[in-house]
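*Asks:* One letter stands for each residue in the lines below.
There are 2 protein chains.
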Amino acid sequence: MPVSIPNHTGKVILGRLLRGSAVSFRAPQLNPTSASVAVVLRRFSASACSDTTSNKMSAPSEEVKAQITALKNEIGALKKDPSAADRMKELQAQLKELNLSLAGAGNGKKETKFTLKVPKGTKDYFGTDMAIREKIFNTITGVFKRHGAVTLDTPVFELKEILSGKYGEDSKLIYDLQDQGGELCSLRYDLTVPFARWLAMNNTVTNIKRYHIAKVYRRDQPAMNKGRMREFYQCDFDIAGQFDPMVPDAEVLRILVEVLTALDIGKFTIKLNHRKILDGMFETCGVPAEKIRTISSAVDKLDKMPWEDVKKEMVQEKGLDEAVADRIGEYVQLKGGRDLLERLQADEKLQANKSGAAGTADMALLMDYLEAFDILDNVSFDLSLARGLDYYTGVIYEAVTEASAPPAAKQGVKKPAPKKAQPTDPDADRSDDDTVGVGSVAAGGRYDELVGMFSNSKKGGIPCVGVSIGVERVFSIIKQRTEAASVRSNEVDVYVMAFGGGKDWDGFVKERMRVCKELWDAGIKAEFLYKAKPKPRPQFEAAEKSGVPLAIILGQEEYNNGQVRLKELGLKEESDEGALIQRGDLVAEVKKLLEKSA
Amino acid sequence: MPVSIPNHTGKVILGRLLRGSAVSFRAPQLNPTSASVAVVLRRFSASACSDTTSNKMSAPSEEVKAQITALKNEIGALKKDPSAADRMKELQAQLKELNLSLAGAGNGKKETKFTLKVPKGTKDYFGTDMAIREKIFNTITGVFKRHGAVTLDTPVFELKEILSGKYGEDSKLIYDLQDQGGELCSLRYDLTVPFARWLAMNNTVTNIKRYHIAKVYRRDQPAMNKGRMREFYQCDFDIAGQFDPMVPDAEVLRILVEVLTALDIGKFTIKLNHRKILDGMFETCGVPAEKIRTISSAVDKLDKMPWEDVKKEMVQEKGLDEAVADRIGEYVQLKGGRDLLERLQADEKLQANKSGAAGTADMALLMDYLEAFDILDNVSFDLSLARGLDYYTGVIYEAVTEASAPPAAKQGVKKPAPKKAQPTDPDADRSDDDTVGVGSVAAGGRYDELVGMFSNSKKGGIPCVGVSIGVERVFSIIKQRTEAASVRSNEVDVYVMAFGGGKDWDGFVKERMRVCKELWDAGIKAEFLYKAKPKPRPQFEAAEKSGVPLAIILGQEEYNNGQVRLKELGLKEESDEGALIQRGDLVAEVKKLLEKSA
Numbered sequence: 001m002p003v004s005i006p007n008h009t010g011k012v013i014l015g016r017l018l019r020g021s022a023v024s025f026r027a028p029q030l031n032p033t034s035a036s037v038a039v040v041l042r043r044f045s046a047s048a049c050s051d052t053t054s055n056k057m058s059a060p061s062e063e064v065k066a067q068i069t070a071l072k073n074e075i076g077a078l079k080k081d082p083s084a085a086d087r088m089k090e091l092q093a094q095l096k097e098l099n100l101s102l103a104g105a106g107n108g109k110k111e112t113k114f115t116l117k118v119p120k121g122t123k124d125y126f127g128t129d130m131a132i133r134e135k136i137f138n139t140i141t142g143v144f145k146r147h148g149a150v151t152l153d154t155p156v157f158e159l160k161e162i163l164s165g166k167y168g169e170d171s172k173l174i175y176d177l178q179d180q181g182g183e184l185c186s187l188r189y190d191l192t193v194p195f196a197r198w199l200a201m202n203n204t205v206t207n208i209k210r211y212h213i214a215k216v217y218r219r220d221q222p223a224m225n226k227g228r229m230r231e232f233y234q235c236d237f238d239i240a241g242q243f244d245p246m247v248p249d250a251e252v253l254r255i256l257v258e259v260l261t262a263l264d265i266g267k268f269t270i271k272l273n274h275r276k277i278l279d280g281m282f283e284t285c286g287v288p289a290e291k292i293r294t295i296s297s298a299v300d301k302l303d304k305m306p307w308e309d310v311k312k313e314m315v316q317e318k319g320l321d322e323a324v325a326d327r328i329g330e331y332v333q334l335k336g337g338r339d340l341l342e343r344l345q346a347d348e349k350l351q352a353n354k355s356g357a358a359g360t361a362d363m364a365l366l367m368d369y370l371e372a373f374d375i376l377d378n379v380s381f382d383l384s385l386a387r388g389l390d391y392y393t394g395v396i397y398e399a400v401t402e403a404s405a406p407p408a409a410k411q412g413v414k415k416p417a418p419k420k421a422q423p424t425d426p427d428a429d430r431s432d433d434d435t436v437g438v439g440s441v442a443a444g445g446r447y448d449e450l451v452g453m454f455s456n457s458k459k460g461g462i463p464c465v466g467v468s469i470g471v472e473r474v475f476s477i478i479k480q481r482t483e484a485a486s487v488r489s490n491e492v493d494v495y496v497m498a499f500g501g502g503k504d505w506d507g508f509v510k511e512r513m514r515v516c517k518e519l520w521d522a523g524i525k526a527e528f529l530y531k532a533k534p535k536p537r538p539q540f541e542a543a544e545k546s547g548v549p550l551a552i553i554l555g556q557e558e559y560n561n562g563q564v565r566l567k568e569l570g571l572k573e574e575s576d577e578g579a580l581i582q583r584g585d586l587v588a589e590v591k592k593l594l595e596k597s598a
Numbered sequence: 001m002p003v004s005i006p007n008h009t010g011k012v013i014l015g016r017l018l019r020g021s022a023v024s025f026r027a028p029q030l031n032p033t034s035a036s037v038a039v040v041l042r043r044f045s046a047s048a049c050s051d052t053t054s055n056k057m058s059a060p061s062e063e064v065k066a067q068i069t070a071l072k073n074e075i076g077a078l079k080k081d082p083s084a085a086d087r088m089k090e091l092q093a094q095l096k097e098l099n100l101s102l103a104g105a106g107n108g109k110k111e112t113k114f115t116l117k118v119p120k121g122t123k124d125y126f127g128t129d130m131a132i133r134e135k136i137f138n139t140i141t142g143v144f145k146r147h148g149a150v151t152l153d154t155p156v157f158e159l160k161e162i163l164s165g166k167y168g169e170d171s172k173l174i175y176d177l178q179d180q181g182g183e184l185c186s187l188r189y190d191l192t193v194p195f196a197r198w199l200a201m202n203n204t205v206t207n208i209k210r211y212h213i214a215k216v217y218r219r220d221q222p223a224m225n226k227g228r229m230r231e232f233y234q235c236d237f238d239i240a241g242q243f244d245p246m247v248p249d250a251e252v253l254r255i256l257v258e259v260l261t262a263l264d265i266g267k268f269t270i271k272l273n274h275r276k277i278l279d280g281m282f283e284t285c286g287v288p289a290e291k292i293r294t295i296s297s298a299v300d301k302l303d304k305m306p307w308e309d310v311k312k313e314m315v316q317e318k319g320l321d322e323a324v325a326d327r328i329g330e331y332v333q334l335k336g337g338r339d340l341l342e343r344l345q346a347d348e349k350l351q352a353n354k355s356g357a358a359g360t361a362d363m364a365l366l367m368d369y370l371e372a373f374d375i376l377d378n379v380s381f382d383l384s385l386a387r388g389l390d391y392y393t394g395v396i397y398e399a400v401t402e403a404s405a406p407p408a409a410k411q412g413v414k415k416p417a418p419k420k421a422q423p424t425d426p427d428a429d430r431s432d433d434d435t436v437g438v439g440s441v442a443a444g445g446r447y448d449e450l451v452g453m454f455s456n457s458k459k460g461g462i463p464c465v466g467v468s469i470g471v472e473r474v475f476s477i478i479k480q481r482t483e484a485a486s487v488r489s490n491e492v493d494v495y496v497m498a499f500g501g502g503k504d505w506d507g508f509v510k511e512r513m514r515v516c517k518e519l520w521d522a523g524i525k526a527e528f529l530y531k532a533k534p535k536p537r538p539q540f541e542a543a544e545k546s547g548v549p550l551a552i553i554l555g556q557e558e559y560n561n562g563q564v565r566l567k568e569l570g571l572k573e574e575s576d577e578g579a580l581i582q583r584g585d586l587v588a589e590v591k592k593l594l595e596k597s598a
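Protein chains in written order, with UniProt numbering: chain A, 1 to 598; chain B, 1 to 598.
Think of the hints as simulated: they come from the structure by calculation, not from any bench. Heads up, some of the hints might be wrong.
Said to hold, decoys possible - For lysine-lysine, the following DSS-like pairs were computed, each having C-alpha atoms within a straight-line distance of at most 30 Å:
(1) A:K591 with B:K525
(2) B:K312 with A:K145
(3) A:K596 with B:K591
Please read all numbers here as calculations on a predicted model, not as lab measurements.
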């Protein structure tokens, strides 16, 4: 189908089936096997994918019974394998469904069933959830645009080769598209690799402030109630370009403060550190070069375990000299603002280290800029912030709220130690660790060498600094605090009603339409009940359900006298009949009231 | 990675590679084979998908040469098969790339290359394209919300079984996800089946006005310059619920008129017909019941071929009696408004037919309602409109513009007859036919029995009426008419500049930051150049590039005297230095100017 012909194409075959084909989804009397039997059966048949004939739909119950036996055998075999718990659950669900289908087919009485669900780890968003999400996106987008950002939209899938080799062990979480001939593709895993790919492809772009709010896909074990989804939104803002030191970095932080303030998610702090300071600190303390990354990832755990445990990990697991660990301990427990900076500036050893001196100078400049942007109070210079990712080359940050702290820390309960970190994937333990809090609501940093990896140009890639807002986390914070009743899923301002009765009264349907038309023409959001002769109650109920603030009421006699009532809904005085106004003044009067309440 | 920890996760391995791993993307001296050789090679290796080790990256050029030979052989074999043209092109492209890689690897001088592209049939959207698209979506969404619509967001993939069997021969165009264990899933093909699935899953929803603007996926042969993409947007609005006849139908048409008017795409007409009138007409004319659908699909071609050709198809190809065809001919060439309705109401044969009478009565009611909504002039009751899809049960419509007509009709040139329609897929020829115009910009109708096919409930599915706006088509119309220069990709109102010089001058970077901060706090979109000591020209150039209308200029001496300049950019008098205003009045003065120009 060409994209330019919008025609609900999807419905063509459903429609055809409907108009008397061999397949009936809802005719158990005619067909002893149910559609869902066939549907479930088809799950087990790899070749069924491309099969569009209908005879598969009428599998005899003998076949179903055979499948049930096979399924039971498979489940029996899996019982010995503890790692197969997930597959087991799936098989058991299938078994249940097959049994149900068979029962339905057997007695011929049950309604036929179609397996109705969304894929694991995904959900439909609707109603107030959708309204909250849209509000979050609008708020965030508004801030980004205030700073001159433009948006980029990339395809939901990329060539497999663009993604492969980028995510290490997590590569197994990438959704691949089936090889149906032609290119091999994968669903995007994040928005950063597509951005880097785009920058490399468009090397005439020398600088850009871009944002991208879009869904990404990870075939992880989902845990919906913990907000771990297989399809979820990311919201990235990045500044790419060769600029003077710390200027864009400061603006990214300013943007982060504006976003979190505008989202009104409560008190937050932005932890701030610099990779060069960390590197300088480790070198100064005497960490061997080859251990810097693994020691850094141990430091990164200070937000969920006490220093003693981190030190133990460094010394016992990672073989660091205890004296070195103690020197690190003196540093990483420091946090503050300009005071800490001054202390580091006075630290002769650190200043003698090239990396440490450069990082401290950057931080001094950054603090001046943050002060100019009036957000110095929102940040906490925190030497324990290491960020798990290797690619950062400069400033790093992470925004936390009350809810970000780990349950263990909040409850004062000593939780079991987290799983041992795998040195090759410093982030792995953070993801799977139950003792971790819900995590930061935003994080980011400077990464100057990432784009170069995609770039063909000799001058290398473009330096970048950016932040990723955890919109799913923000969503759950805001949703928790929002009373369902207080969020409207639609935005209608006026409900146009008719009151009347008697045989001659036609329900004023055309009159209501005309009134709506005038309101719409004036840009006013309006609705009416799709009933030709409505009673008052269902009209009020419909208006109330959507929380519509105003009603225009066409009373049978009043309207014929050129008058309508304008009533504010949801007021305490229910007996209030509204103000009687001239039909011709209707739009002006509505506007007046809406402006008043705005 | 948990969704609640936003951390640019994607970069972890890239970063690791960067910091000295075995793989180097940009080190031809060290590694005689290039990364792209390995990348291309991996395309041929099905098992490479899950391979995350790096040794695949250093394939010796002998292997590449073997691949080239194999590729040449495959191309040779395909030369005899004309249907393999597409595969051929792909192989040739791969061959070219392999040869290039080999050359690069051989001389050791060329930069290594990474295959940088987006998947076939997809594209990145950026800059003015993105700005135009956002404006279109905002316009459309604004209209939908004005009518009380709410939005629904469904996952980008559905269980394969939800989609399979819904699209007939077009099922081969569905993108399947690879079977990586667990459920089998497919990318959505349209937004209608997900909506029907959602309605069936949420059967407590008895009525809803929902819109959904989202991308859908079709593995069709892409033709980018004709706007045929594999990933493209659909924009659907539907009203589901049991209501009085024609009331929601009329509002959908009203919404369509509001959308097309608001989009300002030029003169448009909404062709309008009713499935029951068509059915009654065919029955009255004497079309045998089993031929009604195929004759209906012949009628549907009247927008791209003259009646004589359609008649020929009916009589010669479809075996219709010539007298019957002539009677149809009298009807289907009729179009008009109330006049045509009156003619049908006076048509005794049609009124004696149950379907014909019901359809005419519906149309009479609809016209009254369209008149109340003041859009009767926008529709053309057109008996030749049949719509290819079988599932419609009531009113059908299609919006056309000047650009919708087929090139043949516009040029008065007799084009070769379109490919023969396949009776089992009445839409097939419309998609592939070069003689068809760019098509309608919107289309839809009533489909009362679709949701029931997904529904388990005994009361059956919910009746629906809806419309799909062809946003890609609208986009191309608007883009054609838009001068690139007139669309701004960002929305910044004020560019904050500094003019000064001398050794002591620090470039006012913190002062510019403070001014920006004040503007942002006031909700004003503002930018400044990320240079510590900028010259005037690059600041003006940056402002001009984004079409920023105002500049605040901090002159070295003036600023120290508590004054700044506010200058309107893009004015003819380039010598204008702007108005000298007090530093403290800056925000107020900017607001004043912005309000004036708004």
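*Asks:* For every hint, state whether the structure bears it out.
*Replies:* Hints and how they fare:
Between the alpha carbons of K591 of chain A and K525 of chain B the distance comes to roughly 28 Å, so the proposed pair stays at or under 30 Å and holds. Restraint check for K312 of chain B and K145 of chain A: not satisfied, since their Cα atoms lie roughly 59 Å apart, outside the 30 Å limit. With a C-alpha separation of about 22 Å, the suggested pairing of K596 of chain A with K591 of chain B holds against the 30 Å cut-off.
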